[in-house]
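Residue numbers (the working numbering), protein chains in the order written: chain A, 131 to 302; chain B, 112 to 212.
Since the hints were made in silico from the structure, they are not lab data. Glycine included, every Cβ here is placed at the ideal spot set by N, Cα and C. Zero decoy hints are in this set.
Examples of chain B residues toward chain A, derived with CB under 10 Å:
id	residue
1	Gly131
2	Ile172
3	Ile191
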Amino acid sequence: MSFGDWITQSENIVFLVIALPMVAGAVMVVTSRNVVHAALTLILTLAGSAALFLMLGAEFVAWTLVLVYIGAVIVLFLFGIMITRAPIGRDAVRLDHRRRWPAALVAASVFAVIVTATSLAFPDTEIAEGVVRTDSIGEVLFNRFVIPFEVVSLVLLAALVGGIVLARKDPE
Amino acid sequence: MIVNQFLVLAALLFSLGIYGVLVRRNAVLVLLSVELMLTAVNINLVAFGSMLQESVLTGQIFALFVITVAAAEVGIGLAIVVLIFRNRSSSNIDELDLMKW
Numbered sequence: 131m132s133f134g135d136w137i138t139q140s141e142n143i144v145f146l147v148i149a150l151p152m153v154a155g156a157v158m159v160v161t162s163r164n165v166v167h168a169a170l171t172l173i174l175t176l177a178g179s180a181a182l183f184l185m186l187g188a189e190f191v192a193w194t195l196v197l198v199y200i201g202a203v204i205v206l207f208l209f210g211i212m213i214t215r216a217p218i219g220r221d222a223v224r225l226d227h228r229r230r231w232p233a234a235l236v237a238a239s240v241f242a243v244i245v246t247a248t249s250l251a252f253p254d255t256e257i258a259e260g261v262v263r264t265d266s267i268g269e270v271l272f273n274r275f276v277i278p279f280e281v282v283s284l285v286l287l288a289a290l291v292g293g294i295v296l297a298r299k300d301p302e
Numbered sequence: 112m113i114v115n116q117f118l119v120l121a122a123l124l125f126s127l128g129i130y131g132v133l134v135r136r137n138a139v140l141v142l143l144s145v146e147l148m149l150t151a152v153n154i155n156l157v158a159f160g161s162m163l164q165e166s167v168l169t170g171q172i173f174a175l176f177v178i179t180v181a182a183a184e185v186g187i188g189l190a191i192v193v194l195i196f197r198n199r200s201s202s203n204i205d206e207l208d209l210m211k212w
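Please put together the full structure from these sequences, using the hints given.
This is the structure:
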């Protein structure tokens, strides 16, 4: 499919409208001089990926992402920033390494390898339309994937206990 | 929609996350970049899930698992960062060379 054919489909314009702010937000996350701005622009990327999940028909995953990431994880990050960096944005030089080009080289080569591989493997594969209802997700989750589900809940419990144990002060 | 557009976007987010992990010195910012990489993986999983249209919905279920584990990881990671900051009054990962040989 040529780029001219691709861009004339309306859903791909919607895709671009969602994807370009996502990429801009991701660039801000890794380059911003202000830690709080880095955490806040991550919201842009996460909200964009939730919108892409809605486009793909994965409604439950999209709203879970909004609840868990934008609702909880970002707030947790902001708390972490407030606790660990009291002078926010004052010593801006210390956030990055001085030499950036090796990291940029690694990232660019990873990107080139992945894009080459996926473009060779899926040149024109279309995505079928269709919305996955939440009740079918629940049915699959509690039949086929019930053991991984329980294991993940155990992981969450362990993380909860571990977080409390790590963060509390020792009673002398 | 073709599946490759989602894969290219996810690859871009993933490499930006790699760049952030390698170049940032603040531990909280490294965790933020890891979240970026996990988001890229989620996009891949859901895109492949809707390309394959299977009845067991593996792509979306695994995206849910990744979201859950990422939330647990952020909780523990930030607790560790706060603890390190409390002990050494710095969250700069360059200065945490206690286990370096």
